[in-house]
Structure formats: C-alpha cells, structure tokens
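Engineer: Each chain, written out:
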Amino acid sequence: MSNNLEKSVEAIRFAIAEASKNLIERETLVELVALAAVAEEHVLIIGSPGTAKSEAVRRIAKATGGNYFEYLLGRFTEPSEIFGPVDLRKLKEGIVETETSGMLPEAEIAFLDEIFLGSTAILNTLLGILNERIFRRGHTRMKCPLRVCVGASNALPTDESLAAFADRFLVRLFVEPIADPMLESLLEGGWDLAKKDFAHAAKIEDIDNLSQLVSTVDLKEVRPNIAQAVRIMRSSGINISDRRAVKMQRLIASAAILDGRIIAQPSDLWTLIYAVPTHEQQSLARDSLHELLAETENKTLPFAAEDASLGALARATRLVNIANETLVNRPLENENQAAWKLKIEGIAREIDAGFNVETMPKDLAEVRAKVVEILGVSEETNDATA
Amino acid sequence: MTQLLKINRQNRFDSLQPSALIAFGDSAIRLRKKLLSFDDEKLSNLQGVFADNLLFVAGETDNLPWIDGGIYLGKDANAPSIFLPTNLRPDIPIDLFEKVLLGKFAEQKPFVVVGNNIIPIGKMLPVSRQLLSEVL
Numbered sequence: 001m002s003n004n005l006e007k008s009v010e011a012i013r014f015a016i017a018e019a020s021k022n023l024i025e026r027e028t029l030v031e032l033v034a035l036a037a038v039a040e041e042h043v044l045i046i047g048s049p050g051t052a053k054s055e056a057v058r059r060i061a062k063a064t065g066g067n068y069f070e071y072l073l074g075r076f077t078e079p080s081e082i083f084g085p086v087d088l089r090k091l092k093e094g095i096v097e098t099e100t101s102g103m104l105p106e107a108e109i110a111f112l113d114e115i116f117l118g119s120t121a122i123l124n125t126l127l128g129i130l131n132e133r134i135f136r137r138g139h140t141r142m143k144c145p146l147r148v149c150v151g152a153s154n155a156l157p158t159d160e161s162l163a164a165f166a167d168r169f170l171v172r173l174f175v176e177p178i179a180d181p182m183l184e185s186l187l188e189g190g191w192d193l194a195k196k197d198f199a200h201a202a203k204i205e206d207i208d209n210l211s212q213l214v215s216t217v218d219l220k221e222v223r224p225n226i227a228q229a230v231r232i233m234r235s236s237g238i239n240i241s242d243r244r245a246v247k248m249q250r251l252i253a254s255a256a257i258l259d260g261r262i263i264a265q266p267s268d269l270w271t272l273i274y275a276v277p278t279h280e281q282q283s284l285a286r287d288s289l290h291e292l293l294a295e296t297e298n299k300t301l302p303f304a305a306e307d308a309s310l311g312a313l314a315r316a317t318r319l320v321n322i323a324n325e326t327l328v329n330r331p332l333e334n335e336n337q338a339a340w341k342l343k344i345e346g347i348a349r350e351i352d353a354g355f356n357v358e359t360m361p362k363d364l365a366e367v368r369a370k371v372v373e374i375l376g377v378s379e380e381t382n383d384a385t386a
Numbered sequence: 001m002t003q004l005l006k007i008n009r010q011n012r013f014d015s016l017q018p019s020a021l022i023a024f025g026d027s028a029i030r031l032r033k034k035l036l037s038f039d040d041e042k043l044s045n046l047q048g049v050f051a052d053n054l055l056f057v058a059g060e061t062d063n064l065p066w067i068d069g070g071i072y073l074g075k076d077a078n079a080p081s082i083f084l085p086t087n088l089r090p091d092i093p094i095d096l097f098e099k100v101l102l103g104k105f106a107e108q109k110p111f112v113v114v115g116n117n118i119i120p121i122g123k124m125l126p127v128s129r130q131l132l133s134e135v136l
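Going down the list, the sequences are from chains A and B. For the first sequence, my numbering gives the first residue as 1, with consecutive numbering after it. For the second sequence, my numbering gives the first residue as 1, with consecutive numbering after it.
Isolated chain A, as found in the complex (with noise of 0.2 angstroms):
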C-alpha cells in the first residue's frame, strides 16, 4: 500500500477514535457509517428513539470533514425541507429549480431520522440521490456529492413498497438502549460529551482515496467463501438476494481496504453479517456462519468486526487498542490514578475472561504483560502500605 493510502487509512482510523469518544457502545455504529461511506453504500439504523444515533452519525461526519445534513422526517415533511425550496426567480420565468444550497443534495454525509415517515415524492426523489448520485427535481438535474446516508427508524417497514425502498440501504445495524451496567459510563460520557470538542482527524478526500481503491480489490481468494456463505444463509432460511450477495462483496472489500490491504480474506468476511436483512437473521447468521468467521479481524474496525462475528480475534484487536490507549493515557495526578488502575483491571479480566494465556494472540501477549507488570507493581504498593 502507498504511503498516501497508508496515511488515508491512518486518518480514518483516528477519526473513528475520536467520534467514539465518549460515546458509550456505539463505536460499532461510527465503524460501520466509516465503512459504509468507503464502500460507498447506505446505512439503515433500526433502534428507539434516544439512542444516541444521530450524536454519532454526527460525530464522524464533523470527523471526517464531511458538509452534513439531518433532518427529521415526519408525515407532513414538505420535499423543500429536504431538497430547498424552490427558485423563485426562476419560476417566473418558467423554470421549476430547487435552490439546494445547504440541503441535502449538496451534503456528503446525511443523516434523515424517521425515514420510512417520508412522502412518496420526497422517497422517489431520495432513491434517485441514493442509487445514483443523481437529485432530479423540476428542471433541476444535479450530481450529489452524497458519501452516505443514513437513515434510521424504529422498526423495519412492513408495507412492500417501503420495504423495496429500505432494501436500497445495504447495511444495517440494530441497536439497543444502553445495558443497565453501563449506565454510569453512559451519564458520565454523556456529560463530557458536551463539554469537549474533537479534531477533525479525517478529510472527506481520504474516504474517496479509499473507495477509489474498492474496486482494485483482489477477491478472488475469498469470493469461495463468500458463495459458501451465501449457500449456508439461504439454506438456514435467510432472506439473500442476488443484489445483496453481489454488493456484499463491496463491503468485504472495503473492510480489507481499512484493514490497509488490497487483498480480501476470509478474516473480512464479518461484514456478511450486516448486510442480512433482519436483526433475527442477523442473530441467526452469526450462528450459521460462526466457522466462516473464526478468523475476523479488523485493525480499524474493531467493534464492528468483534459485533458481527462474537470472534476471538477481534476481541483481542478491540482490547490490544483499548489498553494501548488507556496505557499511553497515565494520568500524572495521584488521585486520578486510582480510577485508572480501576480501569486497567477491568481490561485484565475482560482479557483473562475471554482467552487462554497460553493461547491468546502474540500482540494481546504483549499488552497483557505490561498490565500484569502495573497491577503487580500496585499489589506490591498495596503490600508496602498496608
């Protein structure tokens, strides 16, 4: 890989660590727009209402450096809210134009809450800028510098025609309320949240460095696995279609492209997972194709990876990056380090819970040696003081 690609990687990857601060387990979600942006496809968020979707979507749009629009749709939302109003200067002279500026035909990331709400006219016109790019509207016929767009609901559209129109989002991710033991981290990072602001790691042009990259992606040791994949969803009773096994493979390998190669293996075959349509087959999918995923990785990835496939592997990438950060992060004031050494230890069990000592990866080793050497040298503190 180039150095400027290398640095693309680079980037993205600092930005998806600082929109994911302080956001508490939606790292998968800021993953996975990151990914879906590369891949150039859309992201469909299935989760009640105050679950922090849009604060994240936000997040690694402003990372990213990406021109972001939201909006929340309802029932009466007017298509002008969405696209601009129309030019009135123009009208009279005849001509129906949109005024886009600042609307979402001119955003790169978008973010459209309560999307199944949406009037047909403002859908019809939203099909044309998801699928190609393209705002038509009146007179006016423009190409969008759309990356991606996430929309989001509560629930999946039953009536068929909406389905067909959901089916245009290739991945999809379910999200929950926060688990009740998170609860505290869920307050405090809450309140941080607004307190601090965060750099802007990333430039939209290292996301089209990397889709450029997409397509230049060698499948072909993997494609094997992905038509066995395929065969193992259909036959355990999940829903594929053929567009979705073909696009799946877009997402195989812009996994390997942020994992800084240009060469797809078995170990992105994760990204499978949240291409399934529904969250029960979702569920159902990573049983049926937990062997396929043995081998799931992601360096920049992390959460997304370890999320969809339960795998070892990405367990230790996740906790290798969550220590190193936290090691490099020794607070220098002495009351602060008792929380940090408190946080230290809950990466030693969640480590010893998860893996062999003998067994565990070379890198994951290798952080867990330097926090036994802390945690040692505090027990022998402790011993001296008490």
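Misleading hints may appear alongside valid ones.
Said to hold, decoys possible - Derived lysine to any residue pairs resembling SDA-like cross-links, with alpha carbons at most 25 angstroms apart:
#, chain 1, residue 1, chain 2, residue 2
1, A, K343, B, D68
2, A, K341, B, P90
3, B, K75, A, S283
4, A, K343, B, N53
5, B, K75, A, E358
6, A, K143, A, V86
7, A, K21, A, N324
8, B, K75, B, Q47
9, A, K203, A, L213
10, A, K370, A, P331
11, A, K343, B, D62
12, B, K75, A, K203
13, B, K33, A, V372
14, A, K247, A, P177
15, B, K33, B, N53
16, A, K143, A, R133
17, A, K21, A, K299
18, A, K203, A, E55
19, B, K42, A, N4
20, A, K341, B, S19
21, A, K341, B, S27
22, A, K343, B, R32
23, B, K33, A, Q337
24, A, K341, B, S128
25, A, K341, B, N45
26, A, K143, A, L213
27, B, K75, A, G65
28, A, K247, A, S235
29, B, K33, A, K203
30, A, K7, A, R58
Source of the hints: derived by calculation from the structure; they are not laboratory data.
Put chain B on the given structure of chain A with help from the hints.
Structural biologist: Quick look at chain B alone, frame taken from chain A:
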C-alpha cells in the same frame, strides 16, 4: 475436589460472562491478599467458599477482583448449576452432565468444573475480612 472423568475442552468462540473467580495455591494467596485490600462495602458484594489451597468468590463481573493466575468462571445457559472457565468449552454435552451431577449430588450445587476436576461449592458465605483472616 473430585476427579471423575477426563474432560477435553476447546477455546470458546464467545466467552461466558464472568460471574466468579477461582484461584489455587499461590494464586489463592494472592487473591486473599487482594480481597483483604478491599473495603468492607466492596467485600460485601462478593460471596465465596474457601478451602485448603483454594479460594472461590462469586459476584457481578465488575465486582470480581483481578489477580494473575486466577481463573474466571461463568455459567452456560444450558447448565446453570455449573461454573465453567469463561474461555473454554468442555467437549461433553454440558446439559446432560449437569443432570447427572444434580441427580447424584443435588445438595452440593453449584459445581465448578475446571481442568478435570469437579468442585462442589454448596452454600456460599458472604466474604468478610474475618472470614478471610481464618483461611489459608
């Protein structure tokens, strides 16, 4: 501690949620020392069983201590009376195994199955400073 049969095991694809910690020998001594460094409120979140050379404590994941050499245990949904190492899966049908154990030793449940050993835990006691000072 009873050695009944040879149980092979493999790494778990998805690890169990830790709900107990067991330590033997030197690790048990380290665990005792660690627990003694806890304040009373923190200790009150744990229950345990202590025997020669062995310390077992159970509680919520976040309340479990960490020591080098400790073995985290969790419960498989198919066999809720058995604590298993969180990262290993025995290659025996664990639900049937639990039925056999409960059939013969129901009053000694729960059990820890670690290595080739089956350790009956029975009634757990609240962990206290006094209790810890009496063991090991």
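Engineer: Hint by hint, say whether it matches the structure.
Structural biologist: Against the structure, the hints:
no., hint, in the structure
1, A:K343 - B:D68, "holds, 16 angstroms"
2, A:K341 - B:P90, "violated, 33 angstroms"
3, B:K75 - A:S283, "holds, 21 angstroms"
4, A:K343 - B:N53, "violated, 29 angstroms"
5, B:K75 - A:E358, "holds, 23 angstroms"
6, A:K143 - A:V86, "holds, 18 angstroms"
7, A:K21 - A:N324, "holds, 15 angstroms"
8, B:K75 - B:Q47, "holds, 16 angstroms"
9, A:K203 - A:L213, "holds, 16 angstroms"
10, A:K370 - A:P331, "holds, 16 angstroms"
11, A:K343 - B:D62, "holds, 10 angstroms"
12, B:K75 - A:K203, "violated, 46 angstroms"
13, B:K33 - A:V372, "holds, 16 angstroms"
14, A:K247 - A:P177, "violated, 30 angstroms"
15, B:K33 - B:N53, "holds, 14 angstroms"
16, A:K143 - A:R133, "holds, 6 angstroms"
17, A:K21 - A:K299, "holds, 17 angstroms"
18, A:K203 - A:E55, "holds, 19 angstroms"
19, B:K42 - A:N4, "violated, 51 angstroms"
20, A:K341 - B:S19, "holds, 21 angstroms"
21, A:K341 - B:S27, "holds, 20 angstroms"
22, A:K343 - B:R32, "holds, 21 angstroms"
23, B:K33 - A:Q337, "holds, 20 angstroms"
24, A:K341 - B:S128, "holds, 23 angstroms"
25, A:K341 - B:N45, "holds, 20 angstroms"
26, A:K143 - A:L213, "holds, 21 angstroms"
27, B:K75 - A:G65, "violated, 46 angstroms"
28, A:K247 - A:S235, "holds, 20 angstroms"
29, B:K33 - A:K203, "violated, 52 angstroms"
30, A:K7 - A:R58, "holds, 23 angstroms"
Violated hints, in rising order: 2, 4, 12, 14, 19, 27, 29; the structure is consistent with all others.
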